[in-house]
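Take a look at the letters that make up each chain.
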Amino acid sequence: MVLLRGFLVLVVFFLLGEALRVLAGLPVSGGVLGMVMATFTLMLRGQVSDELAEASRGLISVLVLLITPGVVGVFFIVDQFYGHWTTVIVALIAGTLLSVLTTLWLMKKVSESSAGEKSHE
Amino acid sequence: MNNAFAELLSVWTAGPMLSIALTLAAFLVANWLFARFRRPLWMPPVLIAALLLAAVVALSGIGFEEYEQGARWLTVLLGPATVALGVPLYQQMHHIRALWKPILVTLPLAATLAAVYALGIAWLMGASPLVLSSLAPKSVTAPIAMGIAEQLGGSVSLTLGGLLITGVLASVFVDWCVRWLNIKDDRIIGFALGLNGHAIGTARAFEISPTAGAFSSLGMGLTGVFTALFLPFTFPF
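Line by line, the protein sequences give chains A and B. Counting from 1, one number per residue, gives the positions in the first sequence under this note's numbering. Counting from 1001, one number per residue, gives the positions in the second sequence under this note's numbering.
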């Protein structure tokens, strides 16, 4: 029962997200809008109920299960993207290396400079 | 004999139960194998499960379309599961308050670049609009990325393939770059793992330390929200 109550909250927020997407004409998925609304609601309330925490934990722990059918599809589209795979692989390898480097370098610089500010104060 | 098998298959695939059973079984076997092989960085459980399922679906004659139709009973749960990600995001909020400055400076730029670098390279190499819109959410956690790919008109399967490769690469590259840049702060390492490598990076971060894991979840959540809210408005295709 506890789990079901939490699950109902999640589904209701998903439906609200879908409603916002359609009514406001936003190009963002209903799940994401529902998540943003849920996060703001929690911030306003200042706490998470046990049933919601329980239901989220349950769903998040099986996320891999839920995305697996989509991943299976990759092996069946190999032909569909024939000739594109070199581009995909090169873009992913080089792009990921560059963005990892940029993120780490940026975080290092910013946290060093804010640590420096503190020592001046 | 062959006829009986074909008949049985058509009965089983009339409802979603066969797809559900196969997916559950593959998920459990994959987790068991993953633990047995001492958690290899380059072979996450989702890849093992997908390989097993693809083999079964192709060899048994079920066919991907049939399998996918039944599996939709599982994938509809991705909607509420995405909403569920808001709960840990809220629980990480105290980290955001403590470190809001570096996060505010880094997140928008780094999350944008995570998409732009790969898109730029793919575009220069002459990728089609379909490939570009499928790769755009490559650093975003899967449930959110699938929503973005759908909104942009990409191929969800290609997006998931790209995500998988990105997650594995990000875990390896963060390891290298951290040594090269001489970074010892677990908060920075975790944040970079989550921002670039979504759930796969986060799994890696939890192996480093709980702090790295918490910041990785935070980086993953914020990147997901930021990308989902801004990419569809800025994507020029």
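Check before you lean on any hint, since a few could be wrong.
Said to hold, decoys possible - Cut-off 27 Å, straight-line C-alpha distance, at most; resulting in silico cross-link-like pairs (DSS-like, lysine-lysine): (1) A:K108 / B:K1101; (2) B:K1101 / A:K109; (3) B:K1101 / B:K1184; (4) A:K109 / B:K1184; (5) B:K1184 / A:K108.
Said to hold, decoys possible - Derived list of chain A stretches under chain B, where covered just means 3 residues or more per stretch with a C-beta under 8 Å from a C-beta of chain B: (6) 73-83; (7) 89-96.
By construction, these hints were calculated from the structure, which means they are not laboratory data. Beta carbons: idealized from backbone N, C-alpha and C, even for Gly.
- Query: Counting residues of the stretch 89-96 of chain A with a beta carbon closer than 8 Å to any beta carbon of chain B, are there 3 or more?
  - Reply: holds (count 8)
- Item | Holds or violated: K109 (chain A) to K1184 (chain B), with C-alpha atoms at most 27 Å apart | Since the Cα atoms of K109 (chain A) and K1184 (chain B) sit roughly 13 Å apart, the hinted pair holds (cutoff 27 Å).
- Sort out whether K108 (chain A) lies within 27 Å of K1184 (chain B), counting only the CA atoms. holds (10 Å)
- Task: Measure nothing beyond the straight line between the CA atoms of K1101 (chain B) and K1184 (chain B); if it is 27 Å or shorter, mark the hint as holding.
- Result: This hinted pair holds, its Cα atoms lying about 19 Å apart.
- Message: Run the distance test for K108 (chain A) versus K1101 (chain B): straight-line Cα separation, threshold 27 Å.
- Response: holds (12 Å)
- Item | Verdict on chain B covering the stretch 73-83 of chain A, criterion of 3 CB contacts below 8 Å | holds (count 7)
- Message: Between the alpha carbons of K1101 (chain B) and K109 (chain A), is the straight-line distance 27 Å or under?
- Response: holds (12 Å)
Checked against the numbered hints above, the structure breaks none of them.
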